[in-house]
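Chemist: Quick mapping for you: the protein sequence lines, in order, are chains A and B.
Just so we're aligned: 92 in the numbering used here is position 92 of the first sequence, and the numbers increase by one with no gaps anywhere.
Just so we're aligned: 223 in the numbering used here is position 109 of the second sequence, and the numbers increase by one with no gaps anywhere.
Don't read these hints as lab results, they were simulated from the structure.
Keep in mind the model is a prediction, meaning the values are calculated, not measured.
We put the beta carbon where it would ideally sit given N, CA and C, even for glycine.
Just to be clear, a hint being listed does not mean it is correct.
Facing chain A, a subset of chain B residues (Cβ under 8 Å, in silico) [said to hold, decoys possible]:
hint, residue
1, Y146
2, F204
3, A220
A few chain A positions that, by computed beta-carbon distances, are all more than 12 Å from chain B [stated by the list, open to error]:
hint, residue
4, Q17
5, V19
6, V47
7, I79
8, E85
Simulated crosslink set (DSS-like; lysine-lysine; CA at most 25 Å straight-line) [stated by the list, open to error]:
hint, chain 1, residue 1, chain 2, residue 2
9, A, K57, A, K42
10, A, K42, B, K183
11, A, K78, A, K57
12, A, K83, A, K57
13, B, K182, A, K42
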Amino acid sequence: EPEVTQTPSHQVTQMGQEVILRCVPISNHLYFYWYRQILGQKVEFLVSFYNNEISEKSEIFDDQFSVERPDGSNFTLKIRSTKLEDSAMYFCASLGDPSTDTQYFGPGTRLTVL
Amino acid sequence: AQSVTQLGSHVSVSEGALVLLRCNYSSSVPPYLFWYVQYPNQGLQLLLKYTSAATLVKGINGFEAEFKKSETSFHLTKPSAHMSDAAEYFCAVSGSGGYNKLIFGAGTRLAVHP
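Work out the full structure, taking the sequences as your base and the hints as a guide.
Modeler: Here it is in structure tokens:
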């Protein structure tokens, strides 16, 4: 069964460093998403992406964040200058046919900012 | 605006007992409702979804949920708990159309004891 994959599974970085989290959505899916889950808190929407542009973003998704689909398979989330509070699990999701209404989630990348 | 409230951050049941996880939603548009399960160190897996068809929705692993508009609820049930059901369960809402962002509840951690 097709699945969303994410790399790395765990990323440790120093405050102020740039990180890039990578996702490979299910092939032929057209809608892509990033969510995050701070330890012990709820899963929060960050951004949605369709047709090579951001369709919606949350208040969390400020100028420090960016997303990109650099080729036909990868979908990346970049944090330019990480803060301690960026430590969280980041989930990528993708959706194919909107009529199916199902976003498929990857296993997540745990980001630890020291 | 949309929101989800999950009553009970922790629920503990005996193996073979009824599982009832509560979810109430708020939505200004006809909602799409979802239950996702997260096993330890894994991503989010869709259990079931309501998308304005039948109000009683059956999902995987013997779970089902009933959409009650009058009560703005979408509670998750399973007649007989199994040890393997121990996990965290998230209720989520989105606007009509699967491409919309998911708004998650805080989650309910289900423990199943012998």
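Chemist: Now tell me if each hint is right for this structure.
Modeler: Tested hints:
| no. | hint | verdict |
| --- | --- | --- |
| 1 | Y146 | holds, 6 Å |
| 2 | F204 | holds, 6 Å |
| 3 | A220 | holds, 5 Å |
| 4 | Q17 | holds, 25 Å |
| 5 | V19 | holds, 19 Å |
| 6 | V47 | violated, 9 Å |
| 7 | I79 | holds, 19 Å |
| 8 | E85 | holds, 18 Å |
| 9 | K57(A) x K42(A) | holds, 17 Å |
| 10 | K42(A) x K183(B) | holds, 24 Å |
| 11 | K78(A) x K57(A) | holds, 14 Å |
| 12 | K83(A) x K57(A) | holds, 19 Å |
| 13 | K182(B) x K42(A) | holds, 24 Å |
In summary, the structure is inconsistent with hint 6 from the numbered list given earlier, while agreeing with all the others.
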